[in-house]
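J.: These are the residues of each chain, in order.
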Amino acid sequence: MSGFKIKQSTYIFAVIFGLIITGAAYRVAVKPKPHPPLIISTTTSLYETGLLDVLKERFEVDYPDTTILFVSQGTGLAIETAKRGDADMIMVHSPGQELGFMESGHGVNRKIIAYNFFIIVGPESDPAGILGMNPIDALLKVQEEGVNRDALWVSRGDNSGTHSKEKSLWKSTGLDLEELKVQPGGDEGRHWYIEAGAGMTATLQLANEKGAYTLTDVATYLKNYGNGNIELVKIVNSGEETLNVYSAILCNPKVNEMTNYVDAEDFLHYLLTDDVQELMAGYGIDEFGSTLFKPWMPELETPGSEFVKWVEEYAYYDGNECPEEFRYQSGDLYG
Amino acid sequence: MSWGTISEGLAEAVRLILSLDPTVISITLRSIETAGFATFLASIIGIPLSLVLTMKNFPGRGTIKFLFNSLVGIPTVTLGLVLYMLLSRTGPLGHLKLLYSVQGMAIGQAMLILPISVTFIVSALESKMGEVNDLARTLGASETQVALAVLRESFNGVSLAIISSFNRAFAELGIATMLGANITDLTRVLTTAIALETNKGQFGLSFALSLILISVVLLMNYLIRVLQGGET
Amino acid sequence: MSIFEIKGLVREYDGEPALKNININIGAQALGVIGKSGSGKTTLLKILAGLLTPSQGKLSFNGTEVTPAVLLDLRRRVTMVFQTPQFLNGTVRTNLSYGLRIRGVSDEEIKRKVSDALDLVSLEAYGERYARNLSGGEQQRVALARALILDPEVLLLDEPTSNLDPVNVSLITDILVQESEKRLVVISTHDLDQVKRIAKHVIFLEEGIITEQGDPYKLDSVNRFTENVYTGISNVEKGVSQVHVGDIIIRTSSPLTGRISLHVRPQDIIISKGWIETSARNQFRGLITGVNERDGIVMIDIDVGEVFTVQITRRSFNEMSLKLGEPVNISFKASSVLPL
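Chains as they are written, first to last, in the working numbering: chain A, 1 to 335; chain B, 1 to 232; chain C, 1 to 340.
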């Protein structure tokens with residue numbers, strides 16, 4: 001084989017490349033796989049606040065044998081992932097879909113962790129004149145002005161928690177959403193109701209471009225506003241209708257034997273401890289200029305408060321955050 | 001979005017790269033390793049397979065070549081979806097525990113680039129077969145020796161195929177997303193990180209990672225140019 | 001015992017037979033294979049070389065039938081030199097040593113043999129030269145050396161000197177004459193002189209069948225087969241002979257008069273699109289009546305009153321964009337006309 005001819009430099013490059021490839025192969029092949037990790041399926045809007053990574057760090061310090069992996073997807077997909085057995089617990093913010101998850105037998109031991117509010121943002125000029133109105137009235141006005149070609153609305157349109165919330169808001173207005181989607185408005189030949197089919201940041205940017213209103217979670221809005229990516233402003237703030245409730249649900253170990261139930265249970269309890277709830281209360285000031293979450297556990301100390309009533313109204317099922325039939329060896333989780 | 005934002009993003013990109021930000025470095029290395037492993041697998045399967053396809057005549061050979069040819073353009077998400085179904089913990093191959101791991105991603109990418117490897121390598125071998133086949137045989141070479149001779153003569157073409165395959169694996173998103181889920185410090189690679197950061201509106205980091213990705217691809221393409229120049 | 005025994009050999013390509021029912025025993029005497037392009041010469045040689053298998057019929061080598069199992073053995077003892085030389089990427093040395101390497105010969109011995117082989121073909125200093133950069137004649141000599149270095153029992157050559165200049169033709173023919181004493185040499189060629197010098201026995205292939213065989217000096221076909229053979233009356237005036245063949249006059253430098261037969265080698269004739277000013281004494285114009293290609297060589301039949309077959313490379317053919325039915329000129333020197 002000696003003496004067969006290829007250009008010197010070619011040979012050198014090829015050898016280097018070959019070394020890189022084999023080196024890479026070795027490293028990948030030999031890399032030790034993690035201890036059965038705790039896989040938590042969650043939504044992008046929650047994950048991208050960065051809170052979960054902070055919690056992960058602390059948890060792994062207190063429980064050194066565990067590794068947490070967050071799989072961040074849209075709510076619908078996150079629940080699907082859990083149903084397929086590829087996650088050990090979910091953290092989402094869509095009570096309707098959460099109930100379905102438990103009813104299908106896949107989820108047990110649901111606990112509410114925290115809450116905040118969606119906001120409606122829009123152009124500073126407020127063409128529909130809805131500043132400060134309550135959410136339902138605001139939406140009605142947007143629809144009116146929409147068909148007058150004076151206002152536009154952008155929806156996420158992706159079955160996410162935010163989208164679910166938006167849909168329930170429209171439901172509360174009494175209008176038929178399917179009808180609204182096809183009403184003419186905006187530019188020639190278009191509609192005033194625009195479906196983005198995208199994540200929160202992309203949706204905000206679209207709304208920004210079009211000078212439209214949209215429903216958003218506080219964290220994503222603050223981040224993009226702070227970055228200078230958008231110039232939309234808060235138009236409609238908190239209200240009962242724009243409540244956003246985060247819960248965690250464990251995956252039923254009887255359904256899939258590979259579920260890491262033990263670590264999931266530990267993490268669920270961890271989320272409810274005073275320390276962690278306090279951490280959540282203060283989270284966000286540095287990066288976003290304002291806090292993002294209101295922890296749920298402290299609220300329970302004043303059971304008659306307005307917030308508690310709102311949450312029970314919106315995120316409980318028949319007066320219960322987790323009906324008996326969906327509990328599994330729940331111990332002292334539910335008092 | 002204004003030009004100002006773009007230039008800010010670029011400035012941020014340069015800063016991150018020059019400061020050798022450890023996150024950026026680890027993501028880059030992981031990208032290279034994963035694609036590297038995938039290329040390794042695709043090569044050790046692809047080269048012998050291509051030799052058989054080129055040198056041996058058997059029924060169905062044309063069909064197999066056609067199949068590989070067609071699979072070159074398979075959308076990565078589609079393949080990613082199929083593999084996800086297989087590797088899911090409740091799926092038929094769930095017990096392999098390949099989901100959410102770089103090994104799983106590498107294997108998925110290897111499947112993605114195997115058709116490309118085979119198609120290109122077969123093409124390279126066939127172009128040299130004519131010259132080498134009769135010559136080697138009349139000089140007394142056995143089948144294996146002839147295969148080796150054809151392989152040696154096609155060195156440039158085969159190298160080209162392998163580097164192109166690496167590029168494809170390196171720059172793909174669908175499989176890394178479906179099988180890796182972009183988990184921090186575990187399965188996050190350049191492409192998934194770029195997608196994430198873009199989604200989050202972190203354009204500076206997004207640009208930085210994109211710059212790096214493009215640089216690697218350019219370097220590989222340069223290698224390809226050199227190889228083609230060395231063709232004699 | 002014959003070296004090769006062939007019975008009922010048929011070889012088809014895509015349903016078309018290239019060889020139909022060949023029966024012959026080949027002994028140790030050097031064998032010439034002659035016939036027009038496309039008559040099946042290359043196919044026959046490749047079958048003897050173990051590079052092609054017969055579609056029907058039987059081939060035996062040294063008494064043993066050639067089956068797929070023994071093909072490798074056959075190819076190790078029989079080596080073929082092709083009309084257009086092919087090379088491995090590398091130096092002359094690399095190419096020469098390939099066959100020895102795969103037989104597991106030691107490096108030292110390889111070195112020695114390479115040196116001897118280079119001497120044999122008068123290319124002593126060429127060891128480190130890049131094979132693909134050599135001239136046509138040098139390449140073919142390397143190809144020959146590459147075959148002989150393996151000391152094969154049988155050496156097959158497919159028109160080895162068709163495209164070479166007279167010096168190389170002569171050199172190679174000399175070597176082959178010597179080699180014919182040491183091993184069986186089978187050579188296909190268009191070159192009359194060459195076949196007479198090397199071969200003791202000649203077979204004439206016409207459309208896949210052997211139509212004549214025997215001593216090369218005695219066969220009509222040796223004279224008849226070759227393209228471009230003409231018979232006419234020669235007048236010599238002022239040292240230039242003019243031969244009236246049919247309606248045309250061919251000028252030669254031969255002093256012979258009276259009825260003679262002439263031959264012009266296809267590769268000695270030049271094609272041009274129109275009339276050219278040339279020192280060649282023979283120039284005619286006619287239509288292209290046939291085009292035949294094999295292995296990068298194109299044979300063109302041109303009817304100028306008599307049909308002349310001209311040999312050019314495929315490249316030239318493409319560059320000139322010649323087509324059937326096209327009018328062209330042919331020219332050749334008087335000294336290229338060879339009396340038979």
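I should point out that these hints are in silico values taken from the structure, not numbers from a laboratory.
Errors might be hidden in some of the hints.
[Unchecked claim] Capping the alpha-carbon separation at 25 Å, the derived lysine to any residue pairs in SDA-like fashion look like this: (1) C:LYS200 to C:ASN168; (2) A:LYS56 to B:THR23; (3) C:LYS46 to B:ASN133; (4) A:LYS56 to A:ASN260; (5) C:LYS111 to B:SER142; (6) C:LYS218 to C:GLU181; (7) B:LYS97 to A:GLU60.
J.: Has the given pair, LYS97 (chain B) with GLU60 (chain A), been kept, meaning a C-alpha gap of at most 25 Å?
T.: holds, 22 Å
J.: Compare the distance between the alpha carbons of LYS56 (chain A) and ASN260 (chain A) with 25 Å, and conclude whether the hinted pair is satisfied.
T.: holds, 16 Å
J.: For the pair supplied as a hint, LYS200 (chain C) and ASN168 (chain C), is the alpha-carbon distance within the 25 Å limit?
T.: holds, 22 Å
J.: Please work out if LYS111 (chain C) and SER142 (chain B) have their alpha carbons no farther apart than 25 Å.
T.: holds, 23 Å
J.: Taking 25 Å as the top limit, are the C-alpha atoms of LYS46 (chain C) and ASN133 (chain B) close enough?
T.: holds, 13 Å
J.: Quick one, are LYS56 (chain A) and THR23 (chain B) close enough, alpha carbons at most 25 Å?
T.: holds, 17 Å
J.: Given the hinted pair LYS218 (chain C) and GLU181 (chain C), is their alpha-carbon gap at most 25 Å?
T.: Distance of about 22 Å is within 25 Å: holds.
Of the hints listed earlier, there is not a single one the structure fails to meet.
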